[in-house]
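Student: Given the sequences, and given the hints that come with them, work out the whole structure.
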Amino acid sequence: MASQPLTEYERKRLENIKRNAEMMASLKLQSKALELSSATKRDRIEKKGYKITPDKKPKSETPVIMRRSLRTRGLPPDPSTAKGLVDNILPPPLKTLSTLPPKSPTAAKLGPLSFQEANMGDSSNRIFIDSIMDMLDNTSFGKRHLVGSGGSLDLDSMVLKQENVVSVMPGKISNLRFFPSDYRSMIVAGDKFGNIAFWDVDSKGSDGIYLYQLHTTSISGISIHPFNLSKVFSCCYDGLVRLLDVEKESFDLVHSSDNTIVSLSQWPQDANSICFSEGRGVLNVWDMRAGKSSSSWVLHDDRINTIDINPENTNLMVTSSTDASACIWDLRQIDAGRPKNLMVVNHKKSVHSAYFSPTGSCLATTSTDNNVGIFSGADFMDKSMVYHNNHTGWLISSLRAIWGWDDSSLFIGSMKREVDVISIEGNTRSLQSSDMSAIPCRLAVHPQKVGTLAASTSGGQIYLWTQS
DNA sequence: CATCACCTTAAGACA
DNA sequence: TGTCTTCCAGGTGATG
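All letters in the first sequence, in the order written, are residues 1 to 468 by our numbering.
One thing to keep in mind: the hints can contain errors.
As the list claims (entries may be wrong) - In silico DSS-like pairs for lysine-lysine, Cα to Cα no more than 27 Å straight-line:
| no. | residue 1 | residue 2 |
| --- | --- | --- |
| 1 | K449 | K161 |
| 2 | K348 | K292 |
| 3 | K383 | K340 |
| 4 | K349 | K416 |
| 5 | K292 | K248 |
| 6 | K292 | K231 |
| 7 | K416 | K161 |
| 8 | K449 | K231 |
| 9 | K231 | K383 |
| 10 | K231 | K109 |
| 11 | K383 | K349 |
| 12 | K231 | K248 |
| 13 | K109 | K292 |
| 14 | K416 | K348 |
| 15 | K340 | K292 |
Claimed, not checked - Simulated DEER-style distance windows between Cβ atoms:
| no. | residue 1 | residue 2 | range |
| --- | --- | --- | --- |
| 16 | G337 | S124 | 43 to 53 Å |
| 17 | E163 | D302 | 12 to 22 Å |
| 18 | K248 | D270 | 16 to 26 Å |
| 19 | G337 | T359 | 24 to 34 Å |
| 20 | S124 | A336 | 50 to 60 Å |
| 21 | G279 | S157 | 22 to 32 Å |
| 22 | N346 | D435 | 36 to 46 Å |
Don't read these hints as lab results, they were simulated from the structure. These numbers were taken from a predicted model, which means no experiment stands behind them. For each residue, glycine too, the CB sits at the ideal point set by N, CA and C.
Tutor: This is how it looks when you write it as structure tokens:
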């Protein structure tokens, strides 16, 4: 501690901070359970009404309330949130504040989290479990990609029905995925409060949304194994990686780190390994059986935002990084202690995503330098840069171009509250709907259902586009 | 060179 | 309707 004399003001401020810290510490655990039940009900009750009329909600409180109570009660143990809380009480100097909350490595539970204690919603764990089980039992795995159906997708037939504008969770959605099931449409989404929501789209009833808090800060990645639907992983800036275990009715702890975990991926042919990025540029390959890292490489100079494995040649991995590059690696060949670098894509600014196309023969990158890079042809040598406004600021999740159901087009959210569709030739069209009242920043396509696309917002909503 | 303060931005809550 | 808070982006410009 510096030995500076404290002014009256400063002393008071410190008291407040201390008080807050104590309050948070004491509430940390129990408040979670408390939140769960209280917030839960509200959320659930509204859900239906909210679902149908996203514009207004007269008497009933929307789930958003939950967000508020969460923070007000000091649930979040992490420093950044604590800072915000203190700021509310004492406006002026945030300067010293940043130093005050000792970077506590989060108060996350370092162990499995039961459905019971993680459930933030009103929905029954039993129904959730049954739904998942039902999906596991009835999903068949044929060819994963509907390749070759080129041109079968008619954008004009894609619609956003009003009932498919749904508020599934309180916070900004940072990630979403479809379960790769031809039997059922189920979406998993993660938000900035560490919540994971499962939306069972086909359950048209009042229920169908299951909300769990697995983490303490923003979810940074979700991965579902393409052929093993029970392998649902989540990772978070809080340094944890968790795995859904339906049979044990819990979210297991796979790994905990002092560093942030930024992205996560799996190999199509191997359900016993995962890989995730950690801190500034580190990539870990994790052996699930051994319960430890089997490889760890520094691949970038800054955070790795996405990791993607080539579906055709699973030795190829592509990473995108804040260091303004995206790289393709050959995992078979180790070169100077790390995988051989086959290709570097240079952008002028941070690269927020890099994804292989469904056939694996193309690559798409998205950067805040306002370009979407498209690479095709032999060794991805045919390159084109398509201008696209990717400037989101920090309130909206960065935009990421994802591939549709074949190699012909990319989908990416637009600041104009539209979903832009970029053809591989570089032409841009867009999906528009007056029901998209917010920016659809993160997207996901249903692997088995052509024309079914989900877009998420900073307000916890999902727009589900379908083919009419 | 590394760290820090500050600003931008959209969206919901609230007055 | 206007105002206020958000907050792990990222650039810029100042400071140590």
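Student: Would you mind marking each hint as holding or not holding in the structure?
Tutor: So, going through the hints one by one against the coordinates:
1. At most 27 Å may separate the alpha-carbon atoms for a hinted pair to count; K449 and K161 meet this at roughly 17 Å.
2. Between K348 and K292 the CA atoms are separated by roughly 36 Å; this puts the pair beyond 27 Å, and the hint is violated.
3. The hinted pair formed by K383 and K340 meets the criterion: a straight-line CA distance of about 21 Å does not exceed 27 Å.
4. Among the hinted pairs, K349 with K416 is consistent with the structure: their alpha-carbon atoms are about 22 Å apart, no more than 27 Å.
5. Taken as a hint, the K292 and K248 pair is honoured in the structure, with Cα atoms around 21 Å apart against an allowance of 27 Å.
6. For the suggested pair K292 and K231, the alpha carbons sit about 17 Å apart, so the restraint of at most 27 Å is met.
7. Pair hint K416 plus K161 holds up; C-alpha atoms about 19 Å apart against a cutoff of 27 Å.
8. Between the alpha carbons of K449 and K231 the distance comes to roughly 21 Å, so the proposed pair stays at or under 27 Å and holds.
9. Taking the CA atoms of K231 and K383, the gap is near 35 Å; set against the 27 Å cutoff, the hint is violated.
10. About 21 Å separates the Cα atoms of K231 and K109, which keeps this hinted pair within 27 Å; it holds.
11. For a cut-off of 27 Å, the pair hint linking K383 to K349 stands: about 18 Å separates their Cα positions.
12. Distance check on the hinted pair: K231 and K248 sit about 13 Å apart at the alpha-carbon level, within 27 Å; holds.
13. For the given pair, K109 sits about 19 Å from K292 by alpha-carbon distance, which is consistent with the 27 Å threshold.
14. This hinted pair checks out: K416 and K348 have alpha carbons roughly 23 Å apart, not beyond 27 Å.
15. For a cut-off of 27 Å, the pair hint linking K340 to K292 stands: about 23 Å separates their Cα positions.
16. Judged by the Cβ atoms, the range 43 to 53 Å given for G337 and S124 holds: they are separated by roughly 50 Å.
17. Between E163 and D302 the C-beta distance comes to about 42 Å, which lies outside the given range of 12 to 22 Å.
18. Distance hint check for K248 and D270: the Cβ-Cβ separation is about 22 Å, which falls inside the suggested range of 16 to 26 Å.
19. A C-beta distance of roughly 32 Å is found between G337 and T359, which places it inside the suggested range of 24 to 34 Å.
20. Hint check: S124 to A336, Cβ distance near 53 Å, so the stated range 50 to 60 Å holds.
21. As the Cβ distance of G279 to S157 is approximately 45 Å, the hint placing it in 22 to 32 Å is violated.
22. In this structure, N346 and D435 meet the distance hint of 36 to 46 Å, their C-beta atoms being roughly 39 Å apart.
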